[in-house]
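So you can see what is in the structure, the chains are spelled out below.
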Amino acid sequence: MGKLALTSLAVAVLVLTGCSQKSPEVDMTKGTGDTKGASSDGMSALQKLIASLEANSKTIYFDFDKYSVRKDQQSNIDANAALFNSAEAKSFSIKVEGNCDEFGTDEYNYALGLKRAKSVKDGLVAKGMVADRITVVSYGESNPASTEHNKDAWAKNRRAEFKVLP
Amino acid sequence: MIKKFVVFLCLAIFAYAGDATVEIVKKIDVLPKIAVQDASPKNVDVSSRQSFYKLIAGDLRVSSHFNVLDEYLQSSYEGGPLENFLSDKKVDMILRFSLTQDINAATVNVKLINAKTGVTTFEKVYSITDKRRNPFLAHKIVVDANDQVGAPSVKWMEQSVIFARYTEAKKSEIVISDYTLSYTKTVVTGGLNIFPKWANADQSAFYYTSYSGADPTIYRYDLKDGSRKNIISSPGMVVCSDVSKDGTKLLLTMAPKDQTDIYLYDIQSRKITKITDYSGIDVNGNFIDDDKRIAFVSDRLGSPDIFAQGIYDKSFEKLVYHGKNKNSISTYDNYIVYSSREADSEFGRNTFNLYLISTKTDYLRQLTASGENLYPRFAKDPDTIMFIKQFGNQSALGIIRLNANKTYQFQLKTGKLQSIDW
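As given, the protein sequences belong to chains A and B, one line each in that order.
Using the working numbering, the first residue of the first sequence is number 1, and each one after it goes up by one.
Using the working numbering, the first residue of the second sequence is number 1, and each one after it goes up by one.
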């Protein structure tokens, strides 16, 4: 055995095929888009009414890490209940969307958004809306009203908004 | 015989930003000093060679089992007396690689050389059919080199990471990557797609929540054939929080009656069993104790905390008595890692730190010291934890090596991380 004594030299070939993936990519918007009967200005009368109702609804804001409706927001709940119970809106369903600030990106944050939406739904029902007309959903921190990073932006993002569904 | 070196391990600094764990360690340890030599043919472009060098050197550092010479060296593949000993560098061993590539594929010849004797102790040829996946090639090489010196396995480096990243309001994509984010491949786009979770140990399928339909829906996506299967929908929210070891059962957070609770879902029978029943927030179920019980997050005592209960037993117990606001957990056998909000600040940035506990003892260890450290996830190896580090609209993947007490971060180039799994 010399200075550079030979060690057993294992030469192996390893082929890494990378899970033999087929390069799949799915676009979740394909095949799920809404069909719309648009007028010449791009919106049907129904769409205009829905847009008007949504624009006239009042956003409900929440305290940090809380999901109970603040006293100063109760008048907005009352106004929304009156709006959604009006003759022109009464045939529509209402979806309440709960949202959170940027702190936290976990299930708890989504659940917090859902509890906010549920508190608003309960408030609307207490003001005479039929519960079956109202659905709730949480967007967690995914749908900020403001993308700035300051206390005013965070306060704007802790909110519930409304979608009117035909 | 390998010469012993004194290494002071403090804050780890990789090619990326570092983060201190709370236990700042200044210890005397013995790590083999290793040099990485690039022996690639001259016709291989310099950027590819240097990128591969950085991957190898980075992996060796993250393994925490080597003292890596911080110098890009070139050599011939056969090596001469100077190249095989590197006497002036005072290294114990040399990892030499030769990278060759064609349009699609890549091949790497690798040698591990004892720099004290000049003897090649290990040699292997690695190839990959898609050179975009070169980072996985580098990780495999380092896993093997690490095994050669008898160090604890770092096979976790070969795991694929899956994550969701926000791209704009109500929009996010699902991406598969390596742990350094050097390789990324977007697999789901369009609308809001969140909470991806690997469906099995071989990472050939995953679950995720899509908001593309009337209600949030969990899909199972098979990477082998690109097929997608609707698993379950729920009003409000629905998340696949955990998958049983055998892949046959899921823990779901659902809100069929506007109220989040944790449910067990049997893949074969499609049977759903409600596990928790509370009027507040119950989320983030994780299997523990051989999948017989679950740990979960609940605000049933006023603020989010960690509890455990049997799957068919409604009595629950609080698992953690430290801290006040724990909002995300991951489990590995009897260990739980969780994120805890340290201050309830409405007016400034919040601090979230990670902690590790045992369900069997009073063991508690703080893993991070500052910033927003979220969404911890164990690797298949309980010595390694991945987490999300947030900086405003930017984020990074963090890797904690528990035994070495080191943390590394890998910056996400675009978008903001929503959730991760690996």
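Certain hints may be false.
Unchecked claim - Below, simulated SDA-like cross-link-like pairs (lysine to any residue); rule was C-alpha separation at most 25 Å, straight line: (1) A:K95 to B:A214; (2) B:K170 to B:K245; (3) A:K66 to B:T276; (4) A:K156 to B:A343; (5) A:K58 to B:A343; (6) B:K245 to B:N200; (7) A:K30 to B:S303; (8) A:K30 to B:K245; (9) A:K95 to B:Y321; (10) A:K163 to B:T217; (11) B:K170 to A:T29; (12) A:K163 to B:H322; (13) A:K156 to B:N200; (14) A:K163 to A:D63; (15) A:K30 to B:K170; (16) A:K66 to B:Y321; (17) B:K257 to A:T147; (18) A:K30 to B:A343; (19) A:K71 to B:S279; (20) A:K30 to B:S279; (21) A:K48 to B:A214; (22) A:K30 to B:D266; (23) A:K66 to B:K245; (24) A:K90 to B:D215; (25) B:K257 to A:M129; (26) A:K156 to B:G392; (27) A:K151 to B:T276.
Hints listed in this document are in silico derivations from the structure and should not be mistaken for laboratory results.
Checked hints:
At roughly 11 Å between alpha-carbon atoms, K95 (chain A) and A214 (chain B) fall within 25 Å of each other, so this suggested pair holds. Restraint check for K170 (chain B) and K245 (chain B): not satisfied, since their Cα atoms lie roughly 32 Å apart, outside the 25 Å limit. For the hint pairing K66 (chain A) with T276 (chain B), the CA-to-CA distance comes to about 22 Å; that is within 25 Å, so the pair holds. For the hint linking K156 (chain A) to A343 (chain B), the alpha-carbon distance of about 20 Å falls within 25 Å, and the restraint holds.
For the suggested pair K58 (chain A) and A343 (chain B), the alpha carbons sit about 31 Å apart, so the restraint of at most 25 Å is broken. Our distance criterion of 25 Å between C-alpha atoms is met by K245 (chain B) and N200 (chain B), whose separation comes to about 8 Å. Proximity of K30 (chain A) to S303 (chain B) is assessed by CA-CA distance (about 41 Å); at most 25 Å being required, the pair is judged violated. Straight-line distance between C-alpha atoms of K30 (chain A) and K245 (chain B) comes to about 34 Å, which puts the hinted pair past the 25 Å bound.
This hinted pair does not check out: K95 (chain A) and Y321 (chain B) have alpha carbons roughly 38 Å apart, beyond 25 Å. Under the criterion of a C-alpha separation no larger than 25 Å, the hint pairing K163 (chain A) with T217 (chain B) is consistent with the structure, at around 19 Å. Distance check on the hinted pair: K170 (chain B) and T29 (chain A) sit about 12 Å apart at the alpha-carbon level, within 25 Å; holds. Among the hinted pairs, K163 (chain A) with H322 (chain B) is inconsistent with the structure: their alpha-carbon atoms are about 41 Å apart, more than 25 Å.
Only pairs whose Cα atoms come within 25 Å are accepted, and K156 (chain A) paired with N200 (chain B) is rejected, the gap being roughly 40 Å. The suggested pairing of K163 (chain A) with D63 (chain A) holds, with an alpha-carbon distance near 22 Å, which does not exceed 25 Å. Between K30 (chain A) and K170 (chain B) the CA atoms are separated by roughly 16 Å; this keeps the pair inside 25 Å, and the hint holds. The straight-line distance between the Cα atoms of K66 (chain A) and Y321 (chain B) is roughly 22 Å, inside the 25 Å bound, and the hint therefore holds.
Among the hinted pairs, K257 (chain B) with T147 (chain A) is inconsistent with the structure: their alpha-carbon atoms are about 31 Å apart, more than 25 Å. The hinted pair formed by K30 (chain A) and A343 (chain B) fails the criterion: a straight-line CA distance of about 43 Å is larger than 25 Å. At most 25 Å may separate the alpha-carbon atoms for a hinted pair to count; K71 (chain A) and S279 (chain B) meet this at roughly 22 Å. A distance of roughly 37 Å separates the Cα atoms of K30 (chain A) and S279 (chain B); the hinted pair therefore is violated under the 25 Å criterion.
A threshold of 25 Å between alpha carbons decides the hint, and for K48 (chain A) with A214 (chain B) the separation of about 21 Å falls inside it, so the pair holds. For the hint pairing K30 (chain A) with D266 (chain B), the CA-to-CA distance comes to about 29 Å; that exceeds 25 Å, so the pair is violated. Distance hint between K66 (chain A) and K245 (chain B) is unfulfilled; the C-alpha atoms sit about 36 Å from each other, more than 25 Å. Between K90 (chain A) and D215 (chain B), the direct Cα distance comes to roughly 22 Å. Compliance with the 25 Å bound is thereby established for this hinted pair.
For a cut-off of 25 Å, the pair hint linking K257 (chain B) to M129 (chain A) stands: about 17 Å separates their Cα positions. Distance check on the hinted pair: K156 (chain A) and G392 (chain B) sit about 16 Å apart at the alpha-carbon level, within 25 Å; holds. At most 25 Å may separate the alpha-carbon atoms for a hinted pair to count; K151 (chain A) and T276 (chain B) exceed this at roughly 35 Å.
In summary, the numbered hints that this structure violates are 2, 5, 7, 8, 9, 12, 13, 17, 18, 20, 22, 23, 27.
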